[in-house]
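2 protein chains.
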Amino acid sequence: MGNTMLEETAAANAVQVMLDDRSYDILIGRGLIETAGEEIAETVGRGRVAVITDETVAALHLSALSDSLDRAGIVHTVLRVPAGEKSKCFPEFERLCDGILEAKLERGDAIVALGGGVVGDLAGFVASAVRRGMDFIQVPTTLLAQVDSSVGGKTGINSRYGKNLIGAFHQPRLVLADTAVLDSLPIRDFRAGYAEVAKYGLLGDGAFFSWLEANWTGVFNGGPERDEAIARSCKAKADIVAADEREAGRRALLNLGHTFGHALEAAVAYETVRLVHGEGVSIGMMLAHEFSERLGLIEPDTVERVEKHLSEVGLPIGLAQIPGQLPPVDTLMDAIMQDKKVSRGELTFILTRGVGEAFVEKAVDPATVRAFLLEKLEA
Amino acid sequence: MGNTMLEETAAANAVQVMLDDRSYDILIGRGLIETAGEEIAETVGRGRVAVITDETVAALHLSALSDSLDRAGIVHTVLRVPAGEKSKCFPEFERLCDGILEAKLERGDAIVALGGGVVGDLAGFVASAVRRGMDFIQVPTTLLAQVDSSVGGKTGINSRYGKNLIGAFHQPRLVLADTAVLDSLPIRDFRAGYAEVAKYGLLGDGAFFSWLEANWTGVFNGGPERDEAIARSCKAKADIVAADEREAGRRALLNLGHTFGHALEAAVAYETVRLVHGEGVSIGMMLAHEFSERLGLIEPDTVERVEKHLSEVGLPIGLAQIPGQLPPVDTLMDAIMQDKKVSRGELTFILTRGVGEAFVEKAVDPATVRAFLLEKLEA
Numbered sequence: 001m002g003n004t005m006l007e008e009t010a011a012a013n014a015v016q017v018m019l020d021d022r023s024y025d026i027l028i029g030r031g032l033i034e035t036a037g038e039e040i041a042e043t044v045g046r047g048r049v050a051v052i053t054d055e056t057v058a059a060l061h062l063s064a065l066s067d068s069l070d071r072a073g074i075v076h077t078v079l080r081v082p083a084g085e086k087s088k089c090f091p092e093f094e095r096l097c098d099g100i101l102e103a104k105l106e107r108g109d110a111i112v113a114l115g116g117g118v119v120g121d122l123a124g125f126v127a128s129a130v131r132r133g134m135d136f137i138q139v140p141t142t143l144l145a146q147v148d149s150s151v152g153g154k155t156g157i158n159s160r161y162g163k164n165l166i167g168a169f170h171q172p173r174l175v176l177a178d179t180a181v182l183d184s185l186p187i188r189d190f191r192a193g194y195a196e197v198a199k200y201g202l203l204g205d206g207a208f209f210s211w212l213e214a215n216w217t218g219v220f221n222g223g224p225e226r227d228e229a230i231a232r233s234c235k236a237k238a239d240i241v242a243a244d245e246r247e248a249g250r251r252a253l254l255n256l257g258h259t260f261g262h263a264l265e266a267a268v269a270y271e272t273v274r275l276v277h278g279e280g281v282s283i284g285m286m287l288a289h290e291f292s293e294r295l296g297l298i299e300p301d302t303v304e305r306v307e308k309h310l311s312e313v314g315l316p317i318g319l320a321q322i323p324g325q326l327p328p329v330d331t332l333m334d335a336i337m338q339d340k341k342v343s344r345g346e347l348t349f350i351l352t353r354g355v356g357e358a359f360v361e362k363a364v365d366p367a368t369v370r371a372f373l374l375e376k377l378e379a
Numbered sequence: 001m002g003n004t005m006l007e008e009t010a011a012a013n014a015v016q017v018m019l020d021d022r023s024y025d026i027l028i029g030r031g032l033i034e035t036a037g038e039e040i041a042e043t044v045g046r047g048r049v050a051v052i053t054d055e056t057v058a059a060l061h062l063s064a065l066s067d068s069l070d071r072a073g074i075v076h077t078v079l080r081v082p083a084g085e086k087s088k089c090f091p092e093f094e095r096l097c098d099g100i101l102e103a104k105l106e107r108g109d110a111i112v113a114l115g116g117g118v119v120g121d122l123a124g125f126v127a128s129a130v131r132r133g134m135d136f137i138q139v140p141t142t143l144l145a146q147v148d149s150s151v152g153g154k155t156g157i158n159s160r161y162g163k164n165l166i167g168a169f170h171q172p173r174l175v176l177a178d179t180a181v182l183d184s185l186p187i188r189d190f191r192a193g194y195a196e197v198a199k200y201g202l203l204g205d206g207a208f209f210s211w212l213e214a215n216w217t218g219v220f221n222g223g224p225e226r227d228e229a230i231a232r233s234c235k236a237k238a239d240i241v242a243a244d245e246r247e248a249g250r251r252a253l254l255n256l257g258h259t260f261g262h263a264l265e266a267a268v269a270y271e272t273v274r275l276v277h278g279e280g281v282s283i284g285m286m287l288a289h290e291f292s293e294r295l296g297l298i299e300p301d302t303v304e305r306v307e308k309h310l311s312e313v314g315l316p317i318g319l320a321q322i323p324g325q326l327p328p329v330d331t332l333m334d335a336i337m338q339d340k341k342v343s344r345g346e347l348t349f350i351l352t353r354g355v356g357e358a359f360v361e362k363a364v365d366p367a368t369v370r371a372f373l374l375e376k377l378e379a
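Top line first, the protein sequences correspond to chains D and Z.
Residue 101 in UniProt numbering sits at position 101 of the first sequence, and the numbers go up by one each step.
Residue 253 in UniProt numbering sits at position 253 of the second sequence, and the numbers go up by one each step.
It is worth saying that the hints were derived from the structure and are not from the lab.
Check before you lean on any hint, since a few could be wrong.
[What the hints assert, rightly or not] For lysine to aspartate or glutamate, the following EDC-like pairs were computed, each having C-alpha atoms within a straight-line distance of at most 16 Å: (1) Z:K163 <-> D:E271; (2) D:K86 <-> D:E346; (3) D:K163 <-> Z:E299; (4) Z:K308 <-> D:D183; (5) D:K163 <-> Z:E102; (6) Z:K163 <-> D:E106.
[Unchecked claim] What the simulated footprint calls covered on chain D by chain Z, stretch by stretch (three residues with Cβ under 8 Å from a Cβ of chain Z suffice, anywhere in the stretch; the number is not a length): (7) 127 to 135; (8) 167 to 174; (9) 366 to 375.
[Said to hold, decoys possible] These stretches of chain Z come out as covered by chain D in the derived footprint (C-beta under 8 Å, 3 or more residues): (10) 131 to 141; (11) 166 to 172; (12) 229 to 239.
For every residue, glycine included, the Cβ atom is placed at its ideal position computed from N, Cα and C.
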């Protein structure tokens, strides 16, 4: 079975995101940064380009991208931000907007985001706003950014009142997912991105999850299985986004593991030494499966199967694996209730009826969740 | 003729802006602020509302709007900015975004702009960005805002590199143009807005321009002719915007008088004691007509006819009416060349073949414009 899928991949390393006149391609493959200049020229022409990146990524990958743009005859400016979530802020947004205008980019010129989710979110919001919308190209350099934030058009910065609260929907014109750059990714970050890969299997594609169980070492080692897994993940998200661009219905499935996960990230005050997003999602997905078992929706062996896989790739699967003290249950519940998924006192949760069979449940009783979480905290 | 039009108006004080799923109504009439609460509730429901306004407008009209929202049972917060163009800046953008989040508005709640173009542009950009897009309602309180910025969805703030360079296309859900509030507008501001009203006649509706020649005193005095003129203007812009939302082609006609006008505004360093936008447009429209005559497109009596009308309503019609010294011709030409309308060394200008017959000319020789302007400066 895995073999059939691999044969498909070799030919099909492009995923189309279908959104009418804003449709775009995600190209996936090793070494794509080397040919980025030509791909960009084919998509948006040879106008000026501003590359937005962070210091860490610039040290690793900027010269390859810059050389490629030079070879394609694309004049470009580089704007750098400090690495890390703190750059998703109003002052950096203003500084980048001004930087693009200072570089005299016109409407019709393009902004290229070279980096992970932070750079992509920030640069995308900048691209949406300068001259009321410029062409935007993503060169995501983390697994998480390649399989998650490069699809869907969500861009934004953080406010003092919460993450991603200020932004725009702004679709890229092209995404270049160079899977070789992931070789330089710290293993903890690769694993965290893999949690989202596994999520696509768990939420709607049981066959993909089975394939991951059989082929995950190839994904981690940078074999053709990696490109395959990323393409399948992008395709899964692209299909959901195409059906529901503005997150009215089915797109909520993408939140599998995220309601618990976000609460845990908030519980550790977003201290990434304790928990990064993908780890929160991994634990959150386990909690979603255990909670679904509690509600009689799935059997214990389904929970065990998911736990076995997430555990074998090295992802955390329970609250006990978060270093340090966790806050009391009511603090976690407050975070859950503030996660924009509450309507008339009832919680919206993504639950599941089996591997690949997640669904949106809009009437979850907070008291049941609290009792479940209390038990987990005390375990 | 004027009479027929007036009879139509009494029934039809709503203009529909057709933009697929983002279509909306502009309601036009005296006293609409009194019933704004109910209109808003009918359009977006009775969720929370944030009213964004400036100090000057708040003193005149906020209590009427606030009372109306109270009567409709709409809980609302008021966020004020200083009056004037300087509020269209990054710091106010950030402060307003934070203010809306602090007031705990959710996706699905609405932002109401009560004010002129500055408040509308700024509040619209805020509405586009908070939670990646909230419902937006405009209550424009100047003639210029009622006939121009309330149609088309352009929102934005200024950058140190130029005006309106940062923003979004974000359509309102509803526009309430209360024509009675214009009674409190300083006459100079009313006249400046009227330049844009006349523009709609000049660019594409000769019959409307003739009607204005016959009925302008009613427009100024607040008779039913005022509502009629505003409705016709909104309809004209709405038709153009519906055909060309992103300013690719026909929308450029709306720039009649604006290329010269913007250059003159820049020439006086945007000092509104010397020249406000509508006055620049009025002089710019005269220059566009005189330049069209120079090119043999129209007869001198057409120029005289336009001049007579703009002059009788009290608008400036020539460079000599701008107080103080104007810069040399090359400074004006630099401003014209920077006005985003240059392609491969040739200028795009809106010229005319007669009253109501403007057209886009994409290949105007800058040297011809320079010679024309030099003559006007030396006249």
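Comparing the hints with the structure gives:
{"no.": "1", "hint": "Z:K163 <-> D:E271", "in the structure": "40 Å, violated"}
{"no.": "2", "hint": "D:K86 <-> D:E346", "in the structure": "33 Å, violated"}
{"no.": "3", "hint": "D:K163 <-> Z:E299", "in the structure": "61 Å, violated"}
{"no.": "4", "hint": "Z:K308 <-> D:D183", "in the structure": "74 Å, violated"}
{"no.": "5", "hint": "D:K163 <-> Z:E102", "in the structure": "14 Å, holds"}
{"no.": "6", "hint": "Z:K163 <-> D:E106", "in the structure": "14 Å, holds"}
{"no.": "7", "hint": "127 to 135", "in the structure": "holds (count 6)"}
{"no.": "8", "hint": "167 to 174", "in the structure": "holds (count 3)"}
{"no.": "9", "hint": "366 to 375", "in the structure": "violated (count 0)"}
{"no.": "10", "hint": "131 to 141", "in the structure": "holds (count 3)"}
{"no.": "11", "hint": "166 to 172", "in the structure": "holds (count 4)"}
{"no.": "12", "hint": "229 to 239", "in the structure": "violated (count 0)"}
Comparing the model with each numbered hint stated earlier shows that hints 1, 2, 3, 4, 9, 12 do not hold.
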